[in-house]
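Undergrad: As a plain string of letters, each chain reads:
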Amino acid sequence: MRQNKWFLLVVALLLGLVLAACSTTGSDSEEGSEEEGNTNESESTQTDEEKVLNIAATADIPTMDPIMAEDNVSFQYVSAVYEGLYRIATGGEIVSGVANKDETEISEDGLTYTFHLREDATWENGDPVTAQDFVYGWQRAIDPDNGSFYANYLMSGKIKNAAEIYAGDMEPSELGVSAPDDYTFVVELEKAVPYMDSYAAFMTFLPLNQEFVEEQGEDFALAPENMLSNGPFKMTEWETESGWVLEKNEDYWDAENVALNSINVKVIKDADTGLSNYEVGELDRVSLQGAQVKDNQTSPEFKSLTETSVFWLKMNQASAEKSEYMQNLNFRMALAKGFDKQSYIDVAYGNDSEPVNYFVPHDFVQHPETGEDFQTGSDVLAFDVEAAQEYWEKAKEELGFEEVTLSFLSGDTDVSKSISEFMKTELEENLEGLTLETVNVPWAQQLELMRKHEYELAVSGWGPDYKDAISFVDLWVTGGENNDVGYSNEDYDALVKSAKNELATKPVERFEALQQAEKIALEDAAIAPIMQRKTSVLSKDYVKGMDTMNPFGNDYSFKYVDIQK
Amino acid sequence: MAKYILQRLIYMIITLFIIATATFFLMKMLPGSPFDANAQKMSEEQYESMLEHYGLDEPVPVQYVKYMAGMVQGDLGVSFQYDNRAVTDVILDRLGPSAQLGAQALIIGAILGIILGMVAAIRHNTWVDYTSNVIAVIGISIPSFVFAGILQYYLAVQWRLFPPSFWETPIHTVLPTIALMIFPMAICARFMRTEMLEVLGSDYIELARAKGVSSNSIMFKHAMRNALIPVITVLGPMTVSLMTGTLVIEQIFAVPGIGEQFVSSINTKDYPVIMGTTMLFSILFIVVILIVDLLYGLIDPRIRISGGKK
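Just so you know, the protein sequences line up as chains A and B, in that order. Residue 388 in our numbering sits at position 282 of the first sequence, and the numbers go up by one each step. Residue 1060 in our numbering sits at position 23 of the second sequence, and the numbers go up by one each step.
Among these hints, one or two may not hold up.
[Unchecked claim] Listed next, the stretches of chain B that the computed footprint assigns to chain A, with coverage defined by at least 3 CB atoms under 8 Å from CB atoms of chain A: (1) 1115-1125; (2) 1286-1293.
[Unchecked claim] Label-pair ranges, simulated between beta-carbon atoms: (3) B:Tyr1091 with A:Lys297: 27 to 35 Å; (4) A:Asp401 with B:Leu1046: 50 to 58 Å; (5) A:Ala273 with B:Asn1075: 14 to 22 Å.
[Stated by the list, open to error] As a list, the in silico EDC-like pairs of lysine to aspartate or glutamate whose alpha-carbon atoms are at most 16 Å apart: (6) A:Lys558 with B:Glu1082; (7) A:Lys558 with B:Glu1081; (8) B:Lys1078 with A:Asp177.
Calculated from the structure, these hints are not laboratory results. Bear in mind that the values here come from a model prediction, so they are computed numbers and not experimental data. Beta carbons: idealized from backbone N, C-alpha and C, even for Gly.
Could you build the full structure based on these sequences and the hints that come with them?
TA: Okay, structure coming up:
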């Protein structure tokens, strides 16, 4: 009997081993056949023109449902699989998509847009892409039952009745969009939207094939077979948390101008693992993080790409305890000019992000007539210890203090902690009598504290959702939803208001008004700009069309990417 | 036996209920909401309407009752992070790789550890014993992610013997398995050596030797069996920790596993997934403890699981 039990134990152990081996063998044979299939396929189709891009993503795609997309990864792949009225080309240029951009009619008051759709655009299943698909897609987006954050954020207050529909006071069918015929799509606005081009290219405004979406029900967009592409690529594989494959959509109206045959994406969360895969040739391109940037800066494959995300130091004038100090201009000027932005970048990122003294990024929007960049540069808030100390002394005199303690709110990651330490050391050293108390909390809590104005100093950033300076300038209007620094200036407010209303149809005056508004906010030290972020990558020479990042929406436009070996 | 198992099952259900309740309320105490990523772009009104849409505007006790009612019926809800995906699918998709990796590491690690411990005990105070000790100490004191980095750098990047990451073919599983098996191997070796030494010095082994029982028979039939009890004890919790605690290894080797998912669901406040994974880990832990208790009786008949006769 004892022997039997002993025997049982050994059998159990062996069985476990065999099971584990079996599961490996199982996947072995499965993967093996898949691999074999791939090999055969690649043997049969491997030609000089086979162009496959192998890249990594830092996270799985949270959603492929266009109206639910609200993160970079989703934007990137939704925009590859679908096509809206317009498309974002390499570097952020807005080009024709399903609608012909040159034929779009705009009413004189700027409130009605009539888009004319191309008749050769089709869905993957052969159905034509019609204006009704846009009507359905937009109505579905604003339907409160579907819980799309971006639809509400972008549409409410702009597209007729959107706010009322989202609030549940009207039906989605009452949205200001219509389809007079199959290839004409009309949008009625509540107020002129001068950035309608980039707006119409955004991922929330994609068309959807109603019959297909309703047929899929709750499974819509959860797997490749539950999606219907009308864009340059179609998704053919998607293994959660592992990776996905996009293949060229031969039914796409402009398929002849799509260079890539397929895009293989692997989910890699660890930066070192990403680099290892690049080094062994598994990836054609990889993003670099932290120390990797310095280690690879001399590589001929190293590239530094400008982003349109800008970071700044928030000085909360609505702070409960220190508002008297924070509302003093000299006090804010001293803080804003009192720390070395380049050292900050070296500590926080170690890459070549740029120190900036302004908050509307450069290389983002250009003058409507001259093409000159919005950002002409400003040194009002440049790092200058002597000037900062002068402002500090003036503030001390005006406010009658010798010593002051401020809290510095930041996240709880290693990077955030080193930022806190840096700011504490730098500002305390440069501004005599200042003590910074660092408060490190999880990001969620930091957001909540900033939202409630329960902080004194904090670092935060902003990335735009459409190509217009107002996406930044609008942040600091009095009582604005995002104005968590408690800044208020009548002249500033007036300029932003006019840019939104009477100047909405006067691009040049509007552009200049926004430039003027930014100047006012900088002179008031509404916030203290720190840096415009850059992304560092290693990329094989044969990858073309990914050397600039789009200023909003999806980072890269795969339609224009090519492999030239 | 049946009565014992039934009794344990009732305790298990009560334990799970307590864990679910505690986790639910602790989770709700976390600051922020699932919409933090875009919270800066939401007005208070929009924020409120998103909470309402996901039923997060209701009082926490009401949410609790609704959640528990759903869970009893097997409905764990849908993920906030992965739009509209059922929590059960999110978990099942990721459970496979973790289970396979954990099982491979545990089984190979335990077998090698047991062998190493036995050999060390048999060759007590020789170079074999010292080497085994050094291996065990290194395995216990150096974290698995250090081994992972070394293995990846040398075996994958420098010498190109294995792929550096991903979870595709059996060859892809080699490096993460080695990195993960070192700890259980070292633990088993330590326990096995100590126990074997104790057992080998005990009276019944002396008696067996005196009776002329062959050394192989003494080793495998008598000594090893008794020495295994403490090893089995540590293997229980280790089974669960290997499945759930492989976060770093999963991340380094890009294994789409459940450990990584658990942490990411906490970071994104994906409440349904946090609950689902917590319940899964709890069930695993409780079941493994039960199995370990049952195994005791199997290995050593002196341990009566029914608890009636002593």
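Undergrad: If a hint holds in the structure, say so; if it doesn't, say that too.
TA: So, going through the hints one by one against the coordinates:
With 5 residues having a Cβ less than 8 Å from any Cβ of chain A, the stretch 1115-1125 of chain B passes the three-residue criterion, so the hint holds. Interface restraint, the stretch 1286-1293 of chain B with chain A: holds (5 residues with C-beta to C-beta distance below 8 Å; minimum three). Judged by the Cβ atoms, the range 27 to 35 Å given for B:Tyr1091 and A:Lys297 holds: they are separated by roughly 30 Å. In this structure, A:Asp401 and B:Leu1046 meet the distance hint of 50 to 58 Å, their C-beta atoms being roughly 55 Å apart.
Look at A:Ala273 against B:Asn1075: about 19 Å separates their beta carbons, and that is inside 14 to 22 Å. Restraint check for A:Lys558 and B:Glu1082: the C-alpha separation of about 14 Å stays at or below 16 Å, so the hint holds. Of the supplied pair hints, the one linking A:Lys558 and B:Glu1081 holds, its CA atoms being roughly 11 Å apart against a limit of 16 Å. A distance of roughly 13 Å separates the Cα atoms of B:Lys1078 and A:Asp177; the hinted pair therefore holds under the 16 Å criterion.
In terms of the numbered hints stated before, the structure departs from none.
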